[in-house]
Amino acid sequence: MTETVLLQLALRREQDVFTLRQRGREAATALGLEHQDQIRLATALSDVGRVLLARAPAVEVVFRVCRHPDRLRIDLAVDGSVERGPLQPAGRLVDGLEVVEHGKRTVVMLSRRLPVTGALTELRVDELRRALGMTAVASPLDELATQNEHLLAALEDVRRQRDRLTVLNDELEETNRGVMALYHQLNSELEETNRGVVALYAELDEKSSQLRAASEAKTRFLANVSHELRAPVTSVIGLIRMLSDPSSDPLTPAQQEQIELMRGSTSDLLTLVNDLLDLAKAESGRLQPDWQTVSLDRLFRQLRGTVRAILTNPDVELIVDEPGEDAWIESDEALLSQVLRNLLHNAVKFTEHGHVALHVRSDERNWMFTVADTGSGIPADEQERIFEEFVQLPSRHKVLGTGLGLPYARRLTGILGGSMDLDSQPGRGSEFTVTLPLVRQA
Amino acid sequence: MDRVPILKIGPVLLVSIQVDMQDQVALQLQEDLGERIVATGAKGVIIDITGLDIVDSFVGRTLSTIASISRVLDAETIVVGMRPAVAITLVELGLSLNGIRTALNVERGMELLSRSTEPDSPDEFDLDLDDLSETTSP
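Protein chains in written order, with my numbering: chain F, 35 to 476; chain Y, 781 to 918.
Please note that a few of the clues may not be correct.
Stated by the list, open to error - Covered stretches of chain Y (in silico footprint by chain F; criterion: 3 or more residues with CB under 8 Å from a CB of chain F, positions within the stretch not fixed):
1. 790-800
2. 812-824
3. 882-894
As the list claims (entries may be wrong) - Sample of chain Y residues lacking proximity to chain F, with all beta carbon distances greater than 10 Å (derived):
4. Val784
5. Val852
6. Val866
Honestly, the hints are just simulated from the structure, not real lab data. Every value quoted in this text rests on a predicted model; they were computed, and no experiment measured them. All C-beta atoms in this analysis are idealised placements derived from N, C-alpha and C, irrespective of residue type, glycine included.
Bound conformation, chain Y alone (with noise of 0.2 Å):
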């Protein structure tokens, strides 16, 4: 069974979706990261999923959970690379991906975890919709 690559860079886990995940794949993602969070005790995770074109409410709430398994293990989700079709689709679906961050690409990713894991820096945790709309116009 394909696994996908969850990489470290400096205090962050990098996990780059490339292609159409089986409902299988999604959910060993979700184990070996939260894994992966205890054993590098990693403050930040990016999900890239910009080789990502189907999200259906199945994967949606999959990364929704991945975001507060990690957030449980003391590290923020940010959820980057999201296709204009793709949030379009899931905005018709209904879907909130639930406490779960979003930035347009990695930079803008890494540029947001480093601000919020600044000590005294204000937690934005439900930012939500509201981010997701952001991200949604280019």
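Chain F extracted, bound-state conformation (with noise of 0.2 Å):
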């Protein structure tokens, strides 16, 4: 048994269900039925068509020519399951109506015996193929549904990429929600620090304000006790020299040794009060620097005086630059006089061989008092606390003094407008280098 498949196409509107009739109308006329058959087929083929359309959503139809006998079969192909009943009335029209189902699927099969008079050839069969083949093609219908098909699925597709737009943005928002939180979160941190920083900085404040009210009452105490403790001191010096003053009682030897030993003590308590007015009227800011032009020469000749007058040790050697004729610094010469004494004085009472120096230089627009020394020299790590008030090192303690020099020192040069810095290695002696403008500055 031969089969050839004349034609296929779908139904899936009421539209199609015309088509089909129309088609099955133009099979049966080319295949040689007589008009009413064509009729009837055509009858059969939009009953049929209707009632399988209104169960599934499409129809597959094929039309075949089959041989011996010659018939024209036609499947209409659905998913599922179909009623019988209703396509009873179709099936009187044609010859055959069967319904089969395979699986899932049903197909109900109409055919048609074709008369014995037409040469049904299987170059005709051909034919008829193409003819209806074409049509089918330049059907508009057919074509509308398939760019409607088209269509739909473009819209799907656009429908598609909108939601997946959409889930992106959402991504984004949650993401930016994060990174605000995250950016609220870090201000806020900040802010908070920032109010630390703020309050810190209070504190500071006010710390520096108390260390500041602490010094000056200090600086009030050191200058109110000093002043108290001078006058004492200085009657006691005239009492001990009235004692011992030849027209005086005369007195046994003991006694004036124990004369003598009152009177150094008394001495030295003069020197320590004496500093420490000069310290807390340096300190106090009341000590105000009474400019002049000072010749460095008279200068350096006078302290070269006063230090040799000092010095008892005949191993160490004093050397005094001469600065020259024309030497000149805009600064106080009492002050300058005072800073450089207590240098050199410092530096003779702690050397034991070698020499004392004081050298001076200049560049553009400073001098640079250099005093140095052979001494013992002063560790690295105390080289600041000697220009603490009362510090003495432990190493010097065999040496008298105060431990005043130094800080008064220092706070004289920062007075005149300069600095104060020391060079110090143990067992090599010290060099203090005073530096200051050679003018006055604003």
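Build the complex: two chains, separate frames, hints provided.
Here you go:
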């Protein structure tokens, strides 16, 4: 048995039923069926197509020509099962109507015998198929349906894309919210820290003013105490001088010795009190330099004289530069002299062998006065402490002194607009450098 | 979408279906005709289906519905010009065309209408299949 497929089409809408019956009619005409049979077949197809389309979204239709006996068979296939009842009337219009179920698919087969008169050669069937196929393709409805499907697919695509965009957008918003939250958190933390820093600053300010107040109180105390102490010490010294005066009553040798000890102690005490008073004055800020042009040559000559007077150790040589007649500085002569004298005294006190030297040199804007000795030197970790009041290093306790000389010298240097540096190594001596501006700084 | 023209001839509306109708066209005709009956106050409707080759169960039912609507609107419906092949198919299909009167051609249809719209003339509504079988034998 040979079969030839003439035509295939699909029903999706009511209009397709119209197409189906038109094609059925065409096929029947082409195959040489009588007019009455054409009408029957077309009507049967119309009814069956309608019944099936009411039960399934799509119906696939295949027109076939079968041989021996020659007949036209039309299969209409749908998903799911089909009631046979509504198909019965259409069955009366054709030679055979069978309903066959293949798994989940149901096929309704209509068949109609072809008249024996027509010579149905292979060639003719082929021609027929081509003719029907041509019209099938040309059908504007089918084309429209195809375009419609494409359009629907495109729309679906667009919808999917939009959904994806929405999802992406949501994610982005989520991220954004996260970033904003993080930003806010950081911001608030920063503000917190800021507040802390501000509070710390305020505390520091407060501490600083407290310190300043304490320092002022100390200075005031020092000044008062020193001043109050000086009067009695001066009177004690006067009394001692009267006691040891040759015109007063003679003293026993033991008394003489005790009086000498008292004189030494009281003069030490006076020195200490004077130093304290000086320091207090310098610290209180009431010490105003008396600015004038100072001849360095004269200043150095005076210093050479005074220091030589206290230098009793023959193992120590005093070296003082001669700056020359035209060397000058704008400064306070008394204070500058005090600074250098203190440094020289200090050097003399702590040097047992070698030399004590006062050098001077200048660059464009500053004079550098250097007091160098070959004394015991000062360890690096104690170099800053020696500028504190009442500090004497343990190694130097055997030397007399108040421990006020260096702090006072440094304070005066500051008042004169300069600075004091120390370069020292234990065992190799110390070198104090006082740097002062050539002319008074505004 | 194509529409079937509805012509007014005196007190009668003439509908001439020339080609195979799509379902949508049939439904549209049903609607249009109702409106025209109301608008013109027509007493009769003649539907000429000379050009109609295929009358399946849907078109048959639609014709029945049109007839029923017309009757409710006080207009008589007569279907004329049915082809023999169509008639045979309808009978084989077992479609009864309830409430439809038929006539062989437009002329006979007009006659039938003028007779039935005359006063005192008896109404002949339910001729149905009797009329049908009459028309099937030309």
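Hint check results:
no.	hint	in the structure
1	790-800	violated (count 1)
2	812-824	violated (count 0)
3	882-894	violated (count 0)
4	Val784	holds (15 Å)
5	Val852	holds (26 Å)
6	Val866	violated (6 Å)
The structure does not agree with the numbered hints 1, 2, 3 and 6 stated previously, though it agrees with the rest.
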